[in-house]
Each structure stands twice: as C-alpha cells, then as structure tokens.
Amino acid sequence: MAVVPLSGLPERVTIYEVGPRDGLQNEKAVVPAEVKAEFVTRLADAGLRTIETTSFVHPKWVPQLADAEQLLDILPRSPHLRYPVLVPNERGLDRALANGVTEIAIFGSATETFARRNLNRTVDESLAMFAPVVERARAEGLWVRAYVSMVCGDPWEGDVPVEQVVSVASRMMDMGCSQLSLGDTIGVGTPGLVTALIEALGEAGIGTDRLAVHFHDTYGQALANTLAALRAGVTVVDASAGGLGGCPYAESATGNLPTEDLVWMLDGLGVETGVDLAGLVATSRWMAGRLGRPSPSRVVQALSPESE
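Residue numbers (this note's numbering): 1408 to 1715.
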C-alpha cells in the first residue's frame, strides 16, 4: 500500500470499537459469552484499546446481551484497555457499578419518533431519565459518553434539522458527559452535512476534542463522511470489526463502518491508529466463521483467500 498523506488531517485517530456491543446485539442467534470474550481479546491483540463490550439493557429488549455480567467476569483486564458499556437507566448503572465498570455510555435520540421506538419515551422524558444516571456515574468517578442517534436523518421523520441535533446534543453534554458520539443511524449523511453539523456544534460550545462520529454505510458514505469529520478536527471514530451491526429499532439501518475499511484508509493516509490490519482481518474472518456468514467488510473480503 502506498502511503500518501493529505493536509488537514490529524496525526493519530482513536478507533472506538463497537463490534462486541453494537454489532452482536443485532444477531438473531445468541453468541456465547466465551466466544464474545475471545472476540474482545482478539480485537485487543490486534491493537484496539477502546472496545465497547456489552450493554446493561433489560434482557427482554436485547436478549443477545443478556450475559453482560458473565462476559465482564471472564474478560481479561488491563490498564491499557478500556471496556465501556451501554447503560440506559439507573438500574443499568447499578449493574454496571456492581461489576466494576469504569466507563459507560448513554444512548439518546435527536428525533421524537426514534426516541419512542428505541426508549419508549419522548426526547424530554429520555433526557430526564439520563440525568440522574450521569450525575451518579460522575459522582462515582466514571467516564461517561453520550450517543445521539439520527443526526443526519430519520426513517419516519426524514431530514433532521442541524439545530435540532445541536439542541439535544447540548442538553446531553450539559449533564456532564465527557464525549459525544454523533450517530448517522440510517447512513443517509453526506460530507457537507457532516461538516455543517460539526461546525454548528462547535459554535454551541461542543468542540471537536469532545466529539466522536458513528457512521453507518447504508448508502456507501461512511468513509467519505469519516474523512470529512477528520478534516473538521474530529479524532475519535466509531467502527465495528467486520462491519457487524445495524440498529434493531430502525430496519433501514445496515451495518456499521467496518473497522478494517477504516484502518485501510487511515493507513494509506499515514494516520496512526495502533491497529494491526492483518490481525484485525483475521479476527473478523474468525468471527464470521462463528456467525456462519461472510463479513460485509470490503477489506476483509479483499484480503481473504479466494477459497474461503
């Protein structure tokens, strides 16, 4: 691979790996905790240092992650690895604290329809639910991330105004969250909209040092949108090994940005990630074998033997 840098890009990007949580929660079959633990371990061995492992959502809603306690109990711990978990409410926070979690994420929506479908609450009601979670978590010394979904479009409401996203995002960050992840949940965003959104957030006091981006590749725009975000100053990018995932509450949301495709692009740009691409590809091929289907990642496909 020829390495040809572009001006205006960061020297290093932090990849926030979401495959074990956001990816596997969308599988029809339940993946055993031991397999999940090996998946996380292989990802860490490939150089990923921030791996969102599971969710403390009620098992009724996400049965694929009902083994959260069991998984955390068998995961190898290291001061060099971060294992954030998704926490929807105070009961979830209780479970996270009981299991020694030090980093959590809350998951909000920029639109009313998705808030009702995903959280069974209005936007205002969901924010009211998150406020005591964030307050308690911060009091316990936890790092807190805020996800805001549907930032570029909603399958029921259509285009989402930038100012609407900024309003919800600001309210979430005002609670005391350390990082905001912008989720293009159905993958309809394009680079101009992404740039405008990041600029508007900056004008509202949420700088790129507190932002991450989370793109779905429904229309093939995830890498283009990522590049636009990097040029705007963002240095944290969410991705899912092998392109696993989607969204169980939005059928039009296809897979996440594959981590391999992201690393290939960043390697070619000379942007450091600390990730070993060959090891990552091998990990996604291994997981694809456990799931019984090929990986949708273009890079995994390109670097896999033709016989497989």
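Check each hint, because a few of them may be wrong.
[What the hints assert, rightly or not] Just the calculated beta-carbon pair ranges, DEER-fashion:
1) Gly-1686 with Ala-1607: 36 to 42 Å
2) Asn-1506 with Gly-1415: 39 to 45 Å
3) Trp-1550 with Glu-1418: 21 to 27 Å
Hints are computed from structural coordinates only; laboratory data are not their basis. A virtual CB, placed ideally from N, CA and C, is assigned to each residue, including glycine.
Results of checking the hints against the structure:
no.: 1; hint: Gly-1686 with Ala-1607: 36 to 42 Å; verdict: holds (38 Å)
no.: 2; hint: Asn-1506 with Gly-1415: 39 to 45 Å; verdict: holds (42 Å)
no.: 3; hint: Trp-1550 with Glu-1418: 21 to 27 Å; verdict: holds (23 Å)
The structure fails none of the hints (numbered hints given earlier).
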